[in-house]
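Q: Next come the chains, spelled out residue by residue.
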Amino acid sequence: MAKVHEPHVAHAPQSFIRRYIFSTDHKVIGIQYYVTAMLTGVVAGILAMLVRLNLAWPAHEWPLLGKLFPVGMEFGVMKPEFYISLFTMHGTLMVFFVLSLAPVSGFGNFLIPLQIGARDMAYPFLNALSYWTVLPGVIIMLSSFFAEGGAAAAGWTSYAPLSAVQEAIPGSGMGQTLWIIGMVFFIASFTMGGLNFVTTIINLRTKGMSMRRLPLTVWALFLVAILGLLAFPALTAAAVMLLFDRHFGTSFFLPAGMYVGDKLLAHQGGTPLLWQHLFWFLGHPEVYILMLPAMGFTSDIIATFSRRPIFSYPVMVLSMVAIGGLSFVVWGHHMFLSGMSPYLGMAFTVTTLVIAIPSAVKTFNWLATLWRAKIEFTAPMLFALGIVSLFVTGGLSGIFLGSAAADIPLHDTYFVVAHFHFIMAGASLFGVFAATYYWFPKMFGRMMNSKLGKLHFWLTFVAYYSTFFPMHYLGIGGMMRRIYDPTVYQYLAPMQPVNVFITLSAFVLGAAQLLFLFNFFWSVYKGKKAEQNPWNANTLEWTAASPPPHGNWEGPLPTVHRWPYDYSVPDVSDDYIPQSVSPAEVQARKKG
Amino acid sequence: MEVLTKEKAKLERGGVDFDKGSGGLGGEGGGSPEGALPIHTGEIGLWALLATITMLFAGFTSAYVVRRASSDWQPIAVPSLLWFNTALLLSSSVTLEVARSFLKRWRLEALKGWLVVTALLGMAFIAGQLLAWRQLAAQGVYLPTSPHSSFFFVLTGVHAVHLLGGVLALCYALVQAWRFHYTPVHHDPLALCATYWHFVDGLWIYLFLMLFVW
Ligand code: HEM
Ligand SMILES: [Cu+2]
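Chains as they are written, first to last, in our numbering: chain L, 10 to 601; chain R, 11 to 224.
Keep in mind the hints are simulated off the structure, nothing from the lab. Being a predicted model, the structure only gives us computed values, none of them experimental. C-beta atoms are modelled at their ideal positions from N, C-alpha and C, and glycine is treated no differently. One should not assume that every hint holds.
[Claimed, not checked] Computed beta-carbon distance windows for the label pairs: (1) R:Ala148 with L:Ala265: 19 to 29 Å; (2) R:Ala79 with L:Asp421: 51 to 61 Å; (3) L:Leu405 with R:Ala137: 39 to 49 Å; (4) R:Trp93 with L:Leu362: 35 to 45 Å; (5) R:Arg144 with L:Pro558: 52 to 62 Å; (6) L:Met220 with R:Val104: 33 to 43 Å; (7) R:Ala137 with L:Phe530: 52 to 62 Å; (8) R:Cys181 with L:Lys535: 46 to 56 Å; (9) L:Leu362 with R:Ala79: 25 to 35 Å; (10) R:Ala134 with L:Phe409: 37 to 47 Å.
Given the sequences, and given the hints that come with them, work out the whole structure.
A: As structure tokens, then:
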């Protein structure tokens with residue numbers, strides 16, 4: 010609130026540092042966020058590969074890896090505590106530092122001003138500050154692997170008491186402390202971003218850009234910002250109390266009678282369940298923070314490449330609002346087995362299943378948009394269709410999990426892992442890819458290679474399904490998640506070949522991403538020069554140069570005359586009418 | 011004269027005329043005929059900030075409600091200093107309003123004086139809270155002594171951090187006053203600052219009631 014407004018000068022700052030490093034330009038900041046998320050994603054992906062390696066061949070000896078990880082894999086055998094740190098950090102980094110940062114902070118910053126017709130965000134200084142706040146967070150998280158005892162090891166959900174007792178396991182020491190501090194940096198940054206998004210979208214729309222004419226991407230980002238502002242504080246409060254329990258002897262989450270080794274801990278009276286409630290009050294909205302941007306991107310990309318207006322725009326907006334609102338009252342579905350009154354469980358079952366309605370509405374609206382359209386199967390379109398597929402697959406398993414009775418055998422098994430990798434991880438990862446292929450020309454002024462892009466899609470899509478779909482069977486078969494060595498249980502041993510298959514698919518999936526990385530960095534320098542509007546799309550960013558200059562539009566800001574989905578309007582010569590085209594110009598373009 | 015200052019203020023705020031070099035800060039309310047909102051950018055950001063702070067304390071409150079129900083709950087006595095601190099903080103809200111009334115009457119010297127008084131009262135409150143902590147410690151009540159004392163120390167601490175933010179904002183408003191950045195119509199930093207200050211003040215009353223009256 011200190012910076013009420015930053016006087017914004019139209020000419021770009023000259024020095025390299027002000028321009029590309031400590032820039033306040035929303036496009037530079039968006040790209041900084043994006044690249045940070047991408048590099049973090051590479052690390053988080055490698056962690057997943059290590060997790061999968063151990064699940065296929067538990068406790069096998071890999072001499073070479075032993076050299077790389079002298080502590081975690083002494084003599085080449087993965088230690089169980091290292092395994093726990095690996096999946097904890099994989100989850101944490103992916104959920105918060107990759108799939109929240111890339112679509113929301115990355116594309117959000119880049120796209121919002123361009124799509125609403127503003128020259129920058131409302132608080133450019135705060136915006137830069139938010140990036141320079143999250144970066145230390147990333148560094149702290151990553152460096153925790155080198156802390157004594159290794160990185161945090163209580164899962165991405167950090168349930169107490171495991172996370173609250175310093176001596177519990179090696180990762181509960183310094184690693185967990187760094188985890189909490191890293192998260193605090195992340196939340197601070199995300200909050201600054203959220204304030205900026207909300208203010209910008211409410212107040213900086215150009216002339217004619219009413220809320221009813223906003224592209225669905227902007228609507229999604231608007232709702233995401235609100236969800237973030239209202240949900241993250243619960244985790245902040247919980248994190249503060251966790252720190253005090255860990256370091257100052259309080260008993261918020263720690264009950265009486267806990268032993269570490271033979272030592273009785275002095276804590277008493279706390280309730281570990283309290284952590285779960287606070288965490289999931291954030292946690293469930295957070296999963297929608299990942300999902301909603303993907304929904305927005307898909308809607309815009311599907312409309313562009315099917316050359317069709319999006320089916321039922323108001324319903325699309327309302328269903329996102331409904332999903333956002335409902336996401337605050339379903340958190341209990343993560344806790345059906347944590348000791349919950351069955352009546353409360355029933356209430357959470359109902360609210361959870363109600364979410365399926367707006368979700369289904371969105372799916373059918375996408376399908377209706379595609380119905381009988383002449384679809385152009387470009388790389389971004391393929392990924393957008395992939396999102397729809399993953400969303401349906403993951404949504405259906407969600408309905409099983411959402412019914413308390415069905416969740417009892419499925420909770421904390423690989424069925425849940427399958428569910429959230431389809432819907433949260435998959436859909437939002439595909440969202441990032443779709444958005445990258447689609448907006449890359451605007452970001453860098455060059456096209457990505459489309460053949461490589463399509464190959465990347467097919468490899469990723471097939472490998473994604475073959476990695477995660479079999480997990481449903483493992484889960485129904487009773488394989489619990491977070492387990493180091495399933496073969497120690499006799500009843501799980503016969504399913505081990507499935508685990509080997511999944512691991513091999515996961516390696517293909519990982520390798521396929523190298524195609525993307527290559528395509529990305531190669532195209533930044535060597536890609537074909539992009540035109541201003543390579544996809545013949547309607548939204549405002551395509552009326553700016555590729556890439557847009559500082560201030561986004563050379564001349565005056567565009568004025569908006571219509572919604573963003575005027576594709577294939579009858580009797581008009583082009584099959585698209587950008588938002589900035591006035592009715593008079595349309596008259597002139599009428600056929601005949 | 012009046013009209014002129016109004017026009018000038020409009021330009022400084024970005025104005026409706028968004029192409030006159032004020033960057034994206036233009037188009038207040040989007041300029042869309044139906045959806046125009048006459049709200050200043052800072053105001054939206056501030057209210058969003060207050061919403062997230064409210065949720066933070068709602069989170070603490072729910073934890074408090076849950077924890078209070080457990081069997082080992084033992085209330086601690088109100089440190090007597092808290093009554094005095096509360097009076098300090100409440101009077102700071104009054105002095106802030108007095109300061110603002112001088113702005114309306116265009117008496118800048120008085121404005122600055124009362125702003126300084128307000129900031130000092132805020133700092134005095136924080137110092138008072140620290141003394142209250144000492145008072146409790148002297149009675150043998152420390153952070154981990156009982157769940158009630160844990161909540162007392164944590165919540166007063168988190169509140170003090172937010173008040174410190176208010177003091178910084180107040181200093182910013184003061185600097186703006188020094189630099190003659192205000193006009194009778196353009197004084198947003200001060201207005202925003204006041205909203206925040208009263209909010210944090212009200213927050214303290216809420217916490218006080220929750221901790222010691224409920
Ligand atoms: C039809 C809508 C959905 C329903 C009914 C549903 C239901 C559920 C339920 C009941 C669980 C808990 C399972 C358990 O632990 O036993 C769960 C877990 C999960 N869901 Fe969903 N879900 C839905 C959509 C989504 C969406 C859209 C996302 C994210 C984009 C998502 C992400 C997750 C994640 C990350 C978990 C696992 C959290 C963990 O324990 O680590 N879900 N879902
Ligand atoms: Cu959930």
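Q: Tell me, in ascending order, the numbers of any earlier hints that this structure violates.
A: 2, 3, 4 and 10
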